[in-house]
Amino acid sequence: MTQTTPSQTFPRSGPSEAQILRHLRHAGAVAERAVALGKHPFGAVLVAPDHETVLLEQCNIDTVNHAESTLARIAAHNYSPAYLWDCTLYTTVEPCCMCAGTAYWANIGRVVFGMTEADLLACTGSHGENPTMSVSSRYVFDHCQKPVELIGPVPAARAEILAVQQAFWAAR
7 MTQTTPSQTF
17 PRSGPSEAQI
27 LRHLRHAGAV
37 AERAVALGKH
47 PFGAVLVAPD
57 HETVLLEQCN
67 IDTVNHAEST
77 LARIAAHNYS
87 PAYLWDCTLY
97 TTVEPCCMCA
107 GTAYWANIGR
117 VVFGMTEADL
127 LACTGSHGEN
137 PTMSVSSRYV
147 FDHCQKPVEL
157 IGPVPAARAE
167 ILAVQQAFWA
177 AR
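Under this note's numbering, the first residue of the sequence shown is numbered 7, with each subsequent residue one higher.
Everything labelled a hint here was simulated from the structure, so no lab data went into it. Among the hints, a few may not be true.
Derived pair list, reagent style SDA-like, types lysine to any residue, alpha-carbon separation capped at 25 Å [claimed, not checked]:
1) Lys45 to Leu62
2) Lys152 to Ser86
3) Lys45 to Ala35
4) Lys152 to Ala54
5) Lys45 to Ala173
6) Lys152 to Met104
7) Lys152 to Tyr85
8) Lys45 to Gly107
9) Lys45 to Asn136
10) Lys45 to Gly131
11) Lys45 to Leu168
12) Lys45 to Ser142
13) Lys45 to Arg164
14) Lys45 to Ile80
15) Lys152 to Thr76
16) Lys45 to Gly134
17) Lys45 to Met104
18) Lys152 to Asn84
19) Lys45 to Val60
20) Lys152 to Ile80
21) Lys45 to Thr138
22) Lys45 to Ala176
23) Lys45 to Ile67
Distance windows between CB atoms, simulated [said to hold, decoys possible]:
24) Trp111 to Val60: 16 to 24 Å
25) Glu23 to Thr59: 16 to 24 Å
26) Pro161 to Arg18: 20 to 28 Å
Each residue gets a CB set at the ideal place from its N, CA and C atoms; glycine is no exception.
Please build the complete structure, drawing on both the sequences and the hints.
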């Protein structure tokens, strides 16, 4: 028997445009911290249902421990599925299929991203350090049993995030 949380049945509030932009910029700062640590420029933050409180932030670790999937696993260990359903994961770049799946299994109910996986591919080309996959997060979420809300790309944040990606991959 599948359990349904109240917010999976009834509409929940969404973040404002100002909150979306602020949290994407925070994720961008986390991505820049990743670069300073010698990692790839990806960052993610998890925001509480109040759309203000940042619960977790995570930069990229390596090719199998992406910012989003690592953050989702940590969140799943620290918060209940019902609570996570009302949280929002903000990430600089559209989650890959691994990260989208991990957010889904962690029961994070909303994901917001700044630029698309296709934008990332344009920055990385066939770079061996980041072999992108042509599987959109929309495709992953459309095949889930729970309706994960996906917001993105966010045009107001895209140029900033794209500039960080372009500079990083051009120097590799």
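Structure-based check of all given hints:
At most 25 Å may separate the alpha-carbon atoms for a hinted pair to count; Lys45 and Leu62 meet this at roughly 18 Å. Taking the CA atoms of Lys152 and Ser86, the gap is near 16 Å; set against the 25 Å cutoff, the hint holds. For the suggested pair Lys45 and Ala35, the alpha carbons sit about 13 Å apart, so the restraint of at most 25 Å is met. Only pairs whose Cα atoms come within 25 Å are accepted, and Lys152 paired with Ala54 is accepted, the gap being roughly 19 Å.
Taking the CA atoms of Lys45 and Ala173, the gap is about 14 Å. The hint holds against a cut of 25 Å. Annotation: proposed proximity of Lys152 to Met104 holds, straight-line Cα distance about 17 Å (limit 25 Å). For the hint linking Lys152 to Tyr85, the alpha-carbon distance of about 18 Å falls within 25 Å, and the restraint holds. Straight-line distance between C-alpha atoms of Lys45 and Gly107 comes to about 22 Å, which keeps the hinted pair within the 25 Å bound.
Of the pairs offered as hints, the one joining Lys45 and Asn136 holds, with about 12 Å between alpha carbons and a cut-off of 25 Å not exceeded. About 18 Å separates the Cα atoms of Lys45 and Gly131, which keeps this hinted pair within 25 Å; it holds. A C-alpha spacing of about 17 Å is found between Lys45 and Leu168, which places the hinted pair at or below 25 Å, so the restraint holds. For the suggested pair Lys45 and Ser142, the alpha carbons sit about 23 Å apart, so the restraint of at most 25 Å is met.
Proposed proximity of Lys45 and Arg164 is supported: the alpha carbons are some 20 Å apart, at most 25 Å. Our distance criterion of 25 Å between C-alpha atoms is met by Lys45 and Ile80, whose separation comes to about 19 Å. A threshold of 25 Å between alpha carbons decides the hint, and for Lys152 with Thr76 the separation of about 21 Å falls inside it, so the pair holds. Proximity of Lys45 to Gly134 is assessed by CA-CA distance (about 14 Å); at most 25 Å being required, the pair is judged to hold.
For the proposed pair Lys45 and Met104, the alpha carbon gap of about 18 Å is at most 25 Å, so the pair holds. With a CA separation close to 21 Å, the supplied pair Lys152 and Asn84 stays within the 25 Å bound. Pair hint Lys45 plus Val60 holds up; C-alpha atoms about 22 Å apart against a cutoff of 25 Å. For the suggested pair Lys152 and Ile80, the alpha carbons sit about 21 Å apart, so the restraint of at most 25 Å is met.
At most 25 Å may separate the alpha-carbon atoms for a hinted pair to count; Lys45 and Thr138 meet this at roughly 16 Å. For the proposed pair Lys45 and Ala176, the alpha carbon gap of about 15 Å is at most 25 Å, so the pair holds. A hinted pair counts as satisfied when its Cα atoms are at most 25 Å apart, and Lys45 with Ile67 qualifies at roughly 6 Å. Between Trp111 and Val60, the C-beta spacing of about 22 Å keeps the proposed range 16 to 24 Å intact.
Roughly 18 Å separates the CB atoms of Glu23 and Thr59, a value that falls within the hinted 16 to 24 Å. About 24 Å separates the C-beta atoms of Pro161 and Arg18, a value consistent with the hinted range of 20 to 28 Å.
The structure agrees with every numbered hint stated previously.
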